[in-house]
Amino acid sequence: MPQAAGQYGDRELFRRGGGLKAPADSEYRRRLEALYLPRLDRHRIGPEAQAWPNIFEQSVRFIALADIGIKPDDTVLDAGCGLGDFATYLGEHDFQGRYIGIDMLPQMVERARRARFADGFDVSFDCADIRDAPERWQADIVVASGIFVEMTEEEARETIAALFRACRRGVAFTSLSSWDRSENEEGFLRLDPLRTLEFCRGLTPRLLLRHEYFYSDFAIYLYRDLPDVN
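Residues 1 to 230 (the UniProt record's numbering) make up the sequence shown, in order.
Think of the hints as simulated: they come from the structure by calculation, not from any bench. Treat each hint with caution, since some may be false.
Said to hold, decoys possible - Label-pair restraints from in silico Cβ distances:
no.: 1; residue 1: Glu154; residue 2: Glu186; range: 18 to 28 angstroms
no.: 2; residue 1: Gln96; residue 2: Ile63; range: 17 to 27 angstroms
no.: 3; residue 1: Arg195; residue 2: Gly120; range: 39 to 49 angstroms
no.: 4; residue 1: Lys71; residue 2: Arg29; range: 26 to 36 angstroms
All C-beta atoms in this analysis are idealised placements derived from N, C-alpha and C, irrespective of residue type, glycine included.
Sequences are here, hints too, so could you generate the full structure?
Next up, the structure:
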């Protein structure tokens, strides 16, 4: 996990996001603030600060994302990057390319920029909504880990389409699954895997659905061309 580089400083500055410009105000961004800012204030770093139960569940999802076929010299865009923990994961697995993390919350981005990451590859963070201008963020692989929890299904579909517009080779995303029948106390969005796959088929016929790594979660890979199996 990334470690803080020094003190975080004034709490009010943290709440403002360190002066970074946030995307336009929206009901969705307010939902994100309500979910994440109290956790950031309490935990500061780590999975719990990003509403993950523990590092194991976060890591399993990172493995599912990376299995799309990230190459060592790729440019990877992490949409809804949070504290940039996926950059740490890549650095631990011989990644030498470029990592770009974007998040709608300036507080997340400011804290991610203060973290230390493995040497040997380029890491940058920006405050943005992928739906605003996906063509701006062209990358070989685009990933998104559990970013739909506070969205409506329509917002999730808009986001998936934007992720695909931003990729040169492929997209990997994870989501909570409606096949999980356990109680949903948080009221998080659980997408139907097959309905989501059918929507993705309208973007590309080259798809892979995975539902084996967690009973409560699924991943979908979208490819522009046939995936490299070497």
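Report the numbers of all earlier hints that the structure fails to satisfy, in ascending order. none
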